[in-house]
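Chemist: Chain by chain, the residues:
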Amino acid sequence: MRRRSLLSKTGALLAGGMAMSVAGSGRESLDPSYRILPDTKYETGVFVREGTSDGPTAMVVGGIHGDEQCGYRAASEIAGWQVGRGKLVVLPKANRVAIRRDRREGAHGDLNRQFPTGEKPETRLARAIWGVVERHNPDVVLDLHRSVGIYGYHESSVGQMIWPTDAGNASEYAKRTAEELNGNVVPWYMPFHEYRRGGELDGSRPMLVHKVAGDLDRPGYIVETTEFFLDADTRVQWEKAVATDLLSRHGIEQRGNR
Amino acid sequence: MSGAVNVRRLFLGRSVWVWYLLLVGPVALGAFDTRLMTPLALPGYVALTIGSAFGSYLFPTLELWVFWGPLLVGAYFVSVALAAASHAVRETFVAFK
Numbered sequence: 001m002r003r004r005s006l007l008s009k010t011g012a013l014l015a016g017g018m019a020m021s022v023a024g025s026g027r028e029s030l031d032p033s034y035r036i037l038p039d040t041k042y043e044t045g046v047f048v049r050e051g052t053s054d055g056p057t058a059m060v061v062g063g064i065h066g067d068e069q070c071g072y073r074a075a076s077e078i079a080g081w082q083v084g085r086g087k088l089v090v091l092p093k094a095n096r097v098a099i100r101r102d103r104r105e106g107a108h109g110d111l112n113r114q115f116p117t118g119e120k121p122e123t124r125l126a127r128a129i130w131g132v133v134e135r136h137n138p139d140v141v142l143d144l145h146r147s148v149g150i151y152g153y154h155e156s157s158v159g160q161m162i163w164p165t166d167a168g169n170a171s172e173y174a175k176r177t178a179e180e181l182n183g184n185v186v187p188w189y190m191p192f193h194e195y196r197r198g199g200e201l202d203g204s205r206p207m208l209v210h211k212v213a214g215d216l217d218r219p220g221y222i223v224e225t226t227e228f229f230l231d232a233d234t235r236v237q238w239e240k241a242v243a244t245d246l247l248s249r250h251g252i253e254q255r256g257n258r
Numbered sequence: 001m002s003g004a005v006n007v008r009r010l011f012l013g014r015s016v017w018v019w020y021l022l023l024v025g026p027v028a029l030g031a032f033d034t035r036l037m038t039p040l041a042l043p044g045y046v047a048l049t050i051g052s053a054f055g056s057y058l059f060p061t062l063e064l065w066v067f068w069g070p071l072l073v074g075a076y077f078v079s080v081a082l083a084a085a086s087h088a089v090r091e092t093f094v095a096f097k
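Each protein sequence line maps, in turn, to chains A and Z.
Quick note, the first sequence lines up with residues 1 to 258 if you use full-length UniProt numbering.
Quick note, the second sequence lines up with residues 1 to 97 if you use full-length UniProt numbering.
Hints were generated in silico from the structure; no laboratory data involved.
Be careful, since some hints might not be right.
[Said to hold, decoys possible] Only part of the chain A face toward chain Z is listed, based on derived beta-carbon distances under 7 Å:
# : residue
1 : G149
2 : H154
3 : E155
4 : Y189
5 : F192
6 : F228
7 : F229
8 : L230
9 : D231
[To be verified] Per label pair, the in silico range of CB-to-CB distance:
#  : chain 1 : residue 1 : chain 2 : residue 2 : range
10 : A       : A232      : Z       : P39       : 20 to 26 Å
11 : A       : R113      : Z       : L62       : 20 to 26 Å
12 : Z       : V73       : A       : E134      : 51 to 57 Å
13 : Z       : R90       : A       : P191      : 30 to 36 Å
14 : Z       : N6        : A       : D110      : 58 to 64 Å
15 : A       : D202      : Z       : E63       : 29 to 35 Å
16 : Z       : S86       : A       : G152      : 35 to 41 Å
17 : A       : A107      : Z       : P39       : 45 to 51 Å
18 : A       : A107      : Z       : P70       : 35 to 41 Å
[Claimed, not checked] Chain A is faced by these chain Z residues, among others (derived, beta-carbon under 10 Å):
#  : residue
19 : V27
20 : F32
21 : R35
22 : Y45
23 : V46
24 : A53
25 : Y57
26 : F59
All C-beta atoms in this analysis are idealised placements derived from N, C-alpha and C, irrespective of residue type, glycine included.
Work out the full structure: start from the sequences and follow the hints.
Modeler: See below:
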């Protein structure tokens, strides 16, 4: 019975996700609230969605690595949300140069190694992204990524992991979100694809979410979904499901969703 | 002559390919589109994941799709063994008739 319920939920979620994916294909036409680095090759949009009542502010970033399509596709879909309360800030395609090239690295190497804790970010693009963080002062930051393989199984891979910062309830929320996804999204017959919570990020590495931990001492998460054995649309839907659940735990929900 | 026919049947007989399709078909479908993933794919899924895990440690520069190769080849030999076993079982039941 439980299995049947899981299967139906998974099917419904994926079917709904496919519909959203199709609908989301037109999201490029949505106008951003503002752009960072306008009139440069790095120019990219920031989408700010304000709820009808006060609440927390969350920021979602995708496309830090240009070849991680599920991250920026999921973030692009989230950018189209209307939220019930609080504020949602989405930077879906952080590294336009890398995305255009379909490469991990952009014009100045790996963007996610340019955010040292306690210092100014190292490049113009990294400073502009951190400027968005400072401007909106988010209570939580999500950074959406894609991995080649599965953490612990495939060499140098970090897939199916949710890495929380060492701040607030991030670690507990990451654990609960993993459990939620494993119960309702990941089929029981794909046990290696179950999400897990990673070690806490503490600002010790020059990554965006590490800097959120080190400089702001706020909850933040790196979400990694593997491309191993998952088709492109499923990666997007699972990545979005993780982000949706984490945002919900921090009080940000898509209007109309419960 | 009969021996040659049996060897051919052992390695290329219809039951070998039926078993091969059963082993590889569901996992290939699941990899092509995750919505088509079913419990029937579990043996291939486990073999591919564990095989690629070992493979990625032994050959870290190789991309993971490369490990479909050993799966496809390995599944053939498993299919031969399963076909032989199922044939033996069938023969046993016939013998008891």
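Chemist: Please list, smallest to largest, the hint numbers that this structure does not respect.
Modeler: none
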